[in-house]
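Enquirer: Listed below, chain by chain, are the residues.
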Amino acid sequence: DGGITQSPKYLFRKEGQNVTLSCEQNLNHDAMYWYRQDPGQGLRLIYYSQIVNDFQKGDIAEGYSVSREKKESFPLTVTSAQKNPTAFYLCASSIVAGRRQVYEQYFGPGTRLTVT
Amino acid sequence: AQTVTQSQPEMSVQEAETVTLSCTYDTSESDYYLFWYKQPPSRQMILVIRQEAYKQQNATENRFSVNFQKAAKSFSLKISDSQLGDAAMYFCAYRGYNNDMRFGAGTRLTVKP
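First to last, the protein sequences are chains A and B. Take any residue in the first sequence, note its place counting from 1, add 1239, and you have its number in this note's numbering. Take any residue in the second sequence, note its place counting from 1, add 223, and you have its number in this note's numbering.
Hints were generated in silico from the structure; no laboratory data involved. Wrong hints could be hidden among the right ones.
Unchecked claim - A few chain B residues facing chain A, derived, Cβ under 10 Å:
hint, residue
1, Gln-229
2, Gln-231
3, Tyr-248
4, Arg-273
5, Met-312
6, Phe-314
7, Ala-316
8, Phe-326
Just so it is clear, CB atoms sit at the ideal spot from N, CA and C, and this is done for glycine as well.
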């Protein structure tokens, strides 16, 4: 089955540690995205990538880093510089839309990160 | 960056009735795309409906339809014949020319039996 996988579903870390969240897709999508979801704030864009070896900052990139070495993989590292890392993280992918072509994003099941 | 505003944190509807969820957005782009996503308690995001800004005709998907007012930058979702399974968080989303996506804060919909 085609889809997006995120692992693990729940992740616990101690404050001051870096942690990497996994996101893999087998949909052959060029674009991949990372979002953070906090209660009452909807989804906020962290990073996105439209092609291998290239990515752009979203609205809340500070304290996060990403890599895009393979088309199917877009891992997110939450660094110790992120002040409030506890949140629900969603990964998504999409076909890269050309002009007047609309494609929706497909989402993974999410990872709940708790930092204490 | 573009912003998306959902002014109704919570809404409720009686089963079989109709409810409208509001969404406004701010942009200077002429070509863009709008979406409504549903997030049930499982937290899996599910596409409900999409709208291309260059199309004047409002999109419909079975019981779901939108009222797209481009000049007013408004994109509301109407759910007809509401069902218990429609209870969820609903997010309005804007996709710009650079393929970045912005979401509103969401509206929690409760369906009363």
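Enquirer: Going by Cβ atoms only, is Phe-326 (chain B) closer than 10 Å to chain A?
Expert: Cβ of Phe-326 (chain B) sits 4 Å from chain A, so the hint holds.
Enquirer: With a cut-off of 10 Å on the beta carbons, see whether Gln-231 (chain B) makes it to chain A.
Expert: Where the cut-off is 10 Å and the nearest Cβ of chain A is about 13 Å from Gln-231 (chain B), the hint is violated.
Enquirer: Do the numbers back the hint for Gln-229 (chain B), that is, is its least Cβ distance to chain A under 10 Å?
Expert: At about 8 Å, which falls below the 10 Å cut-off, the nearest Cβ of chain A leaves the hint on Gln-229 (chain B) intact, so it holds.
Enquirer: Quick one, is the Arg-273 (chain B) hint okay against chain A at 10 Å, beta carbons?
Expert: holds (6 Å)
Enquirer: Taking the closest Cβ pair, is Met-312 (chain B) under 10 Å from chain A?
Expert: holds (9 Å)
Enquirer: Given Phe-314 (chain B) as an interface hint, is its Cβ closer than 10 Å to any Cβ of chain A?
Expert: holds (6 Å)
Enquirer: Taking the closest Cβ pair, is Ala-316 (chain B) under 10 Å from chain A?
Expert: holds (8 Å)
Enquirer: Given Tyr-248 (chain B) was flagged as interface, is its beta-carbon under 10 Å from a beta-carbon of chain A?
Expert: With a minimum Cβ separation of about 13 Å from chain A (threshold 10 Å), the hint on Tyr-248 (chain B) is violated.
Violated hints, listed in ascending order, are 2, 3; each of the other numbered hints is respected by the structure.
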